[in-house]
Amino acid sequence: MQSTTEGQARSTNGPAQLPQTIDTADAMRNPGMELDMDWVLSARANRSAIERRAVTLPGRRSVKKEYQAAWLARAISCIDLTTLAGDDTEGRVRRLCAKARQPVRADLLEAIGLPGLTTGAVCVYHDMVATAHDALQGSGIPVAAVSTGFPAGLTPFPLRVAEIGESVKAGAEEIDIVITRRHVLQGNWQALYDEMKAFRAACGEAHVKAILATGELGTLQNVARASLVCMMAGADFIKTSTGKESVNATLPVSLVMIRAIRDYHQRTGIRVGYKPAGGISKAKDALVYLSLIKEELGDRWLRPDLFRFGASSLLGDIERQLEHHVTGAYSAAWRHAAS
Amino acid sequence: MSIKDIFETMDYGPAPEAAGDALAWIVDQGSRFGAFINGEFTTPGDTFETINPATGEVLAQVTQASPADVDAAVAAARKAQDGWERLGGKGRARHLYALARLVQKHARLFAVLESLDSGKPIREARDIDVPLVARHFYYHAGMAQLMEAELPGRAAMGVCGQVVPWNFPLLMLAWKIAPALAMGNTVVLKPAEWTSLTALLFADICRQAGLPKGVVNIVTGDGVVGAALVAHDGVDKVAFTGSTEVGRKIREATAGQGKGLTLELGGKSPFVVFEDADLDSAVEGLVDAIWFNGGQVCCAGSRLLVQEGVAERFHEKLKLRMQSLRVGNPLDKCIDVGAIVHPEQLARIKGLVAGSGGVVTQGTAPEGCYYPPTLIEGLEPADPLMQEEIFGPVLVSTTFRTPSEAVALANNTRYGLAASVWSENVNVALDVAPKLVAGVVWVNGTNMFDAAAGFGGVRESGFGREGGWEGLQAYTKPAAKRKALKVAAPVVGEPELPEGLDRTAKLYIGGKQARPDGGYVRHVFGKGGKALGQVGIANRKDLRNAVEAARGAAGWSGATAHNRAQVLYYIAENLEARAEEFAARIDAVTGKGGKAEVEAAVSRLFSYGAWADKFGGDLRQVPMRGMALAVREPVGVVGAFCPDEAPLLGLISVLAPAIAMGNRVVLVAGEAGPLTATDFYQVLDTSDVPGGVVNILTGSHAELAPTMAQHFDIDAVWSFSASDISAVIERESAASLKRTWVNNGLVTDWDTAEGRAFLEQATEVKTVWVPYGA
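If you read the protein sequences in the order shown, they are chains A and B. In terms of my numbering, the numbers along the first sequence are unbroken and rise by one, the last being 339. In terms of my numbering, the numbers along the second sequence are unbroken and rise by one, the last being 774.
Keep in mind the hints are simulated off the structure, nothing from the lab. Treat the hints loosely; a few may be bogus.
What the hints assert, rightly or not - Think about it this way: if two alpha-carbon atoms lie no more than 27 Å apart in a straight line, the pair counts; the simulated DSS-like pairs of lysine-lysine are:
#	chain 1	residue 1	chain 2	residue 2
1	B	Lys333	A	Lys65
2	A	Lys65	A	Lys294
3	B	Lys614	B	Lys506
4	B	Lys4	A	Lys64
5	B	Lys213	B	Lys105
6	A	Lys65	B	Lys213
Using the sequences and the hints, build the whole thing.
As structure tokens, then:
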């Protein structure tokens with residue numbers, strides 16, 4: 001089989017422990033591999049066909065009643081509850097962390113049989129990491145820090161690497177780095193690979209999510225190639241956007257990125273996570289994303305270790321939908337705790 | 001399962017569409033349906049059950065229309081036709097608009113009813129079939145509005161007998177009824193016996209829309225009813241979508257009746273994946289190609305051809321995708337593949353796959369009238385399943401090495417309905433698309449349809465187009481009345497040698513003069529019985545040789561339009577240089593008018609020289625980012641019986657449009673003045689016409705007609721003969737399903753027989769869909 005042969009060829013070049021089967025790799029972090037330019041340049045993304053798939057997907061899958069409630073709870077468990085604003089304060093972040101611990105009113109969680117449900121993580125700027133870390137003590141909820149000169153990623157390279165170290169030291173278990181878009185736009189894949197590899201090394205034990213800022217990459221083909229390069233350089237997650245670009249997470253972009261993840265898994269046996277961020281604010285959208293992941297990657301990815309939503313207002317809509325499920329009456333925002 | 005459990009399993013759970021309203025509609029109608037004739041439902045007669053294939057439950061009783069019902073429906077349509085046509089295009093546009101609106105208002109009812117009756121997933125009925133139905137009526141409301149302005153000189157055909165299949169019951173109804181009504185025709189439509197209900201709901205909608213009585217009539221029943229309808233004397237035009245086998249029977253049954261006929265038949269459409277394609281998207285394309293409507297689609301991409309370098313990876317991706325296809329209850333909104341339409345069809349699919357070689361991979365399907373998504377690898381072109389239409393969710397696959405091999409394998413089929421090409425390289429995609437023998441080609445896509453884009457096939461996939469301007473050809477005819485063609489008694493005289501040195505007129509095959517195979521000649525006499533010479537009598541072997549020569553001259557079809565125009569002008573130049581000689585020859589046969597006829601012939605050559613580079617097709621406004629190109633392609637090898645009147649002008653009028661559009665021709669000269677044709681060889685010889693592009697035989701039309709109509713390597717046969725050969729040509733063309741264009745014994749005015757009518761017959765519209773996006 002061609003793909004196996006290629007996979008083996010890679011495993012001899014790359015890290016020796018690259019596993020070939022899915023099961024042994026289940027809990028394994030992406031160790032990365034040598035930059036394989038043949039693979040990168042063979043990536044294709046046909047925009048029209050991808051958009052067609054994206055447009056029809058919501059009509060192909062539908063989740064109702066208790067299934068919908070369960071799926072929405074699953075969505076909550078995968079949210080990186082986020083605040084990334086210039087006016088963030090310790091108070092604001094503590095409020096957010098409290099919401100992460102108790103994302104839905106206790107009586108509602110009780111009613112659906114999922115007391116103790118929390119969000120996947122809390123995502124903040126470096127300056128707020130210590131506050132968040134403190135506020136989440138004992139909850140098991142990790143703190144994610146955006147880093148490397150977020151959102152543009154154009155501060156001096158040594159500072160970007162140092163910033164990662166500072167956030168890890170302050171208690172961040174997950175680091176959301178931004179790539180240098182210029183490397184993609186100029187086709188400088190080696191530079192992108194090297195940069196990503198350095199970021200990954202700086203993270204140490206902390207997991208690293210690579211933000212591609214897809215809204216600034218110009219084409220879906222660039223998105224596909226950048227996804228592969230970042231995975232080859234050891235990204236644990238690939239993530240669409242900072243939330244600051246004019247276009248953030250979309251279904252077509254998601255399709256391209258998760259197909260790259262699938263390809264990477266098929267060829268290396270390693271599972272890389274996916275995080276769409278920005279613009280996902282409705283419970284219905286969350287269901288579509290979950291079904292997209294289920295269809296294209298499979299059930300294993302429907303867990304917070306492999307899937308996250310980067311979102312700030314999504315949770316509010318899900319809370320209202322859950323209350324509707326429990327009571328049968330349409331809900332209102334004021335019935336749920338603010339973050 | 002508790003929410004907590006589902007939280008872990010992340011199953012989809014049931015998401016059923018409610019069927020209550022649709023079932024209530026059936027009950028409201030008494031659960032027994034008569035035919036819909038002259039604006040009313042008849043009292044149900046002998047009825048049969050229509051079942052929900054997903055459950056086996058009986059949905060309703062439907063009437064097996066009697067011969068009297070068919071007569072009554074045709075009579076009602078006939079009675080209504082004149083008034084409907086006189087209403088004018090703008091008046092009809094309002095009715096079609098109302099039908100479109102009502103289809104939209106009752107969209108969910110139509111969708112659920114369709115899913116119940118046919119087993120197709122509710123998603124497809126709701127998101128694809130019904131929206132396309134509404135779109136078809138809107139589009140043709142526009143065509144009605146524009147008819148008088150844009151189609152001057154065209155009139156309705158009259159009463160249309162239409163027979164539609166069970167795979168897209170309502171959509172095919174719309175494709176048949178909308179253009180017919182727009183152009184002022186009235187219709188009698190027969191839905192497939194397994195799926196009559198949406199047609200009956202449509203009848204109900206016609207009443208609500210206030211459509212005049214008799215404009216739309218629906219007769220239900222089995223193939224017997226369909227056979228009675230298409231053969232009915234009172235029907236002027238027959239349109240059929242269904243199997244190639246039945247299409248052939250209809251061709252035979254209607255031969256010589258003077259009816260218009262369009263057939264949209266089977267297919268085994270290739271799905272070609274090049275190594276530089278977006279493989280994931282191509283896999284998803286295959287899902288839409290072969291698992292759309294359970295593969296029960298005439299244009300299903302059922303033959304996968306993958307370039308060798310990516311074949312293994314592509315098949316792995318495909319098999320992975322097959323695992324996540326959900327087969328089951330058609331009314332569930334999470335279902336990808338619904339029920340097979342009927343246990344009979346299921347048995348047929350099972351039988352075909354059971355007899356197959358190759359490596360079979362299948363997904364899963366529930367018990368009952370379901371069949372799992374199936375892939376069969378390792379078949380060679382010679383395997384029957386690579387050639388036979390399965391009409392189920394079964395994909396066969398093989399590999400290719402080069403673009404030219406892909407084209408050769410793709411075209412290695414009796415069919416020619418549709419094709420998909422997947423490549424990110426615009427050079428590859430746009431080079432391959434025109435070479436695929438198909439009426440529709442999708443580049444990096446599949447199963448895209450729109451009312452503005454023509455749909456239809458070539459070869460045994462049938463003829464005629466539905467949708468677009470070309471679709472209106474089938475539902476209109478020239479408004480001018482045509483008289484019967486008088487057959488002049490053959491002139492007989494004394495077989496004596498004409499004055500001067502003896503000349504031997506031969507046949508013209510492959511750019512050379514050839515003696516007739518049979519070795520026989522006949523005498524030709526001019527006006528008053530004067531002996532003019534002898535001509536060879538071509539037989540079937542001469543015809544075979546001529547067709548071989550024409551087939552071999554394929555380069556002509558690829559020549560530039562400018563180049564073809566240059567040749568036509570050159571013929572004109574050389575003809576005019578010998579004007580006096582030709583005029584004298586014509587005068588000798590007809591007595592007068594030779595000079596004027598030569599002038600007209602030269603002018604005609606000029607006209608088609610002019611047309612050669614101006615009839616290439618156009619761009620269609622379809623709802624997509626991309627281009628839908630309606631490309632005018634040459635039909636291929638055209639055989640034609642030239643008129644007996646106008647020996648030179650008739651010959652030129654047939655030859656010039658055909659070769660201007662890139663066809664190669666085998667002409668049989670008119671029987672009255674064949675020496676004009678044989679003289680013309682020398683004009684061709686001196687005009688840079690490549691050998692084999694024009695082949696001319698002399699001989700008996702009646703003798704050659706069946707051979708020509710049967711010949712599998714001729715793509716179209718035209719006849720303007722005074723001999724009574726229209727019926728035999730239509731009948732004998734049934735085996736190959738080649739296009740025919742015959743005069744039905746009616747006269748053609750050769751002074752004016754020029755232009756679009758001929759160009760349209762000389763070309764096939766191929767719709768090439770090219771979605772794009774950086």
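Original post:
Any hints this thing doesn't respect? Which numbers, in order?
Top reply: Failing hints, ascending: 3 and 6.
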